[in-house]
Amino acid sequence: MWPIIFLKSSIGKKWVMACTGLCLIFFLFSHAAGNATLFYSTSLFQSYADQLHSHPLIVSLFSKGLFAVFAIHIITGILLFLQNRKARPQKYKVHKRAFKNSIASRTMIYSGLFILLFAVIHTAAVSFGDHGVIAHTVSTMFSSFVLSMFYIVAFVVLALHISHGLWSMLQTFGVNHPRYTWIIHKITYAVPLFFLLLFGAIPFLFLFGSGN
Amino acid sequence: MELNSAVPEGPLAEKWDNHRFSSKLVNPANRRKYKIIIVGTGLAGASAAATLAEQGYNIDSFCIQDSPRRAHSIAAQGGINAAKNYQNDGDSIRRLFYDTIKGGDFRSREANVYRLAQVSNSIIDQCVAQGVPFAREYGGTLANRSFGGAQVSRTFYARGQTGQQLLLGAYSALSRQIKAKKVSMHTRKEMMDIVLVGGKARGIITRDIITGKLEKHAADAVILATGGYGNAYFLSTNAMASNVTAAWRAHKKGAGFANPCFVQIHPTCIPVHGDYQSKLTLMSESLRNDGRVWVPKKPGDSRPPASIPEEDRDYYLENKYPSFGNLVPRDVASRNAKEQCDAGKGVGNTQLAVYLDFAEAIKRDGEASILKKYGNLFQMYEKITDSNPLHEPMMIYPAVHYTMGGLWVDYNLMTTIPGLFAVGECNFSDHGANRLGASALMQGLADGYFIIGTAVANYLGSTSLGHVAADKPEFTKALNGVDDRIEKLLRSSKNGPAGKVTVDEIHKELGLLLWDHCGMARNKQGLELALAKLPAIQKKFWNDVYIPGSGKELNQSLERAGRVADFLEFAEIMIHDALDRAESCGCHLREESQTAENEAKRDDENFSYVSVWEHKGAGVPPALHKEPLVFEDIVPSQRSYK
Amino acid sequence: MSEIDISLEIWRQKDSLASGVFETYSLQRISTDMSFLEMLDVLNEQLTREGKDPVAFDHDCREGICGMCGAVVNGIAHGPEPETTLCQLHMRHFKSGDTIVIEPFRSRVFLPIKDLMVDRSGFDRIIQAGGYVSVNTGGTPDANAIPVPSTTAELAMDAAACIGCGACVASCPNGAAMLFTGAKIAQLSLLPQGQQERKERALSMVAAMDNEGFGNCTNERECETVCPKGISIRNIARMNSEYFKASFFS
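Line by line, the protein sequences are chains E, A and C.
Going left to right, the first sequence walks through residues 701 to 912 as my numbering numbers them.
Going left to right, the second sequence walks through residues 9 to 650 as my numbering numbers them.
Going left to right, the third sequence walks through residues -10 to 239 as my numbering numbers them.
A couple of the hints might just be wrong.
Residues of chain A clear of chain C, computed beta-carbon distances all greater than 10 Å [stated by the list, open to error]:
hint, residue
1, Asp74
2, Arg78
3, Arg144
4, Lys221
5, Lys305
6, Glu347
7, Pro481
8, Arg499
9, Lys541
10, Asn551
11, Glu577
Computed list of lysine to aspartate or glutamate pairs in EDC-like fashion (alpha-carbon distance at most 16 Å, straight line) [unchecked claim]:
hint, chain 1, residue 1, chain 2, residue 2
12, A, Lys502, C, Glu(-2)
13, A, Lys516, C, Glu34
14, E, Lys793, C, Glu12
15, A, Lys187, C, Glu189
16, E, Lys800, C, Glu213
17, E, Lys796, C, Glu70
18, C, Lys84, C, Asp(-6)
19, A, Lys391, C, Asp22
20, E, Lys800, C, Glu70
21, A, Lys502, C, Asp4
22, C, Lys41, A, Glu561
23, A, Lys560, C, Asp42
24, E, Lys793, C, Glu213
25, C, Lys3, A, Glu577
26, A, Lys548, A, Glu577
27, A, Lys221, C, Asp4
28, A, Lys391, C, Glu72
29, A, Lys508, C, Glu70
30, A, Lys560, C, Asp108
31, A, Lys508, C, Glu213
32, A, Lys541, A, Glu517
33, A, Lys391, C, Glu70
The hints are simulated quantities; they were obtained by calculation from the structure and are not laboratory data.
The model shown is predicted, which means the values in this text are computed figures rather than measured ones.
We put the beta carbon where it would ideally sit given N, CA and C, even for glycine.
Working from the sequences, and respecting the hints, build out all of it.
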């Protein structure tokens, strides 16, 4: 069956990574949009959350879908990592990279796993907090310096992950042409930086007491 | 040895057509009953294997490298000729034919050369259809460049990698037949001997390079596409594995060897820079358009070029050939460089180089203009020599790079052994005493794609061949012979390396002998001296060569030793041939036969023939046979560069 | 010209089944004008005279086009110079006193044969799966019958320049052969002659590549960085989209 052949193939798995990655980026954008209300006021954020939860069906569909996409992205990623390790069983004595600036690409599996850890902690923190008053949960959370720092580190790792992921995704979609190189170059910096600044600002907002 | 060239009847332009009509055919259903062995996967071998497999024959294809894609055809740079006349500049089949036969100094067979020109156009069509990315004009039509020896633009090219692209085209066609199971591909196998049953070629013995195992392969016909023997000189532009072994084994089993002394020496190569050097690299001849060739006037002048003033420089080509200057033909340029170096005026560490100076051209046209023309060549030169030709003159020296001689074949590309064919550089067929640029690719593909099919069908259709399996005693005998020879090669190595010589040392010694006496310029005395010196080198090889390891494993020293042993034997007929041909023609310059202006003086009266050598057994001088060259259509003229 | 003294650490492995070890050799007075392979020739002459087994390595044309040679030199396939095969690498890029570590190309698919020699026949099988235009000899249209824009021909040529050396696989942390496969798929999908089998070709060549056991591409860009012919990973992008289109729209 062709879809199975496609999905099992090396390039099919790239497409799976790219498509799920794209979904996750869309999710991040919507998440970022929601969070951005915090910069205005916590009450606006609270009402945004309340609005969202007044449509339980959408929330449930959305979260289950998100979970599925996330799971597929992670499982495929781990699968690729394990397969790739086997493709070169014997390592070189001198281990050197020819391509410069390869930190992001080299660490995808580790940055990815770290993001998974973050997602688990983040979800737990948010869900086990005060159910009704999400704004309260957030402000309690970010009053902890350690937790705030963990979040900021996670956002840096996320940015790193996205910078390579986004570029890889375009490469998988076949978008690589000298004419667009400059714009692709910019996007792969701009998008992760945007997330880093936006998400990263929130803990600071609370740490320095301007969130309320 | 009977030499029947089998040239068909009729006017020159109709011979090939007549021949195809009168040749026997094998019907498609019967073709699958035949098996054909093809040794070599260069342009000729790969194209022959693919084409014959498409026609329905079962093919066993052999190559010495790890993949058929690596044959040395891949290194050809310039292009491939065809009489398409796309440029509307007066080209025609007849003109390509005439240029080729004239370029070969009228020492090739008229009918073969005409056929080559006839099929040249189909080669380009075929390669384009395979997806070979030839250079294009902006309008999408094929681009052409001009090349030496022609006044029309008829050379098709793919950057400086035409050979690579054509070979990959043939390799892809071959790969398709491997996939279709019509070709079974045997990589990393070296042909060690040919097997004759009932006087016909019926198989080969190979050595597996990885395991050292000797194997017997039987077939209905054998095609050799094993390239040239330029490596007899040790240093050449050939690949390291290029060798004469397959052709030489065939020769020893009865195949005549034609014109072995015809070796083309290319004038613009990067010079030898030390005794460790393993090969020579060609630089495009086009450099001589703007570069001025010179050496210091005073022998042994070791000043750097910039500190040698004008009055101490000898622009010897310009001085000697005022009308042609630096653009004299390849052979003249090569020979003069050697002359200067022999006189002690060579430059560089080894004093075996001459300057090719761009200073004046740069002053005249500016750096940018020179770089635009030759930038990539300058880069390549700098990569190898670490010297920038913009700032100091290039050093160049001639190098062996193509052999026009090869196994004698008739019009059907069949050697004097029935059922044994030779295609590409390994036959002698089309280039006479000198090959024009961009014609080697043309000939290899013409033989493989368009000629061998007819020839093989004609042979199979007109010969009664019983079934022969590899368990026949002839095969066992040949295999044992190969085994014995390997034993003999290893015999002198039993007691370790003390007091012994390595394979390369002997090969270098042979190369130097040939280069000095059977190279760019030859004379009777030198050739006789070489012939006298050769047995001592042969003896040293067989008595004193040290080869580590055994024959039953991967052993690159043993591989080389086997090839050098054959070069040592082969050198003998090369020198004999050069000695016999007391005229000068094309690449072969006998110093006794020159015009007053130091140009090659041909002697049609006495030497208008193909020399074909017959092996008479070890220790017995080879016998010379002559195939007279009859020109029905053209009148040979003295080549003139004026 | 100057001369340098170097020491070499070379992977020695007797045959495909033996386990290999690094051996150390020292070479004196190596001319900086030597090519890397000529330096190995000198080592082999030295080893031969000492009655030892010379180092087996693949090589042929020694002018950077046949794709036969290749090894990992100090961690980089074909050594430190960009767009340079091992045979075109010269000793002037090393300093006296340097230790040079020479390892064979490694990948699950490139099985070791001896010392620095490996088996790259997997590449041939990928080409056999569809790296051709199915056209028999003869009966082809006139070469100028189908115009090809010169920019397209140049792009195809960029891809076709691949010499099949295997450095891309050797340098890829995942042992992927996507640059090799992508280059051939790109070449033939660009040219009009390759259109008839375009989809079938992408499907079967990718399947063959996977089947051989090459790894998956994670866009590390090591391959294009070490490629002696400067082949761009744009060709991989093209293959990705070719394969997608072939899977969903054929």
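Could you tell me which of the hints above the structure violates, numbers in ascending order?
-> Those not satisfied are hints 1, 2, 3, 12, 21, 24, 25, 29, 30 and 31.
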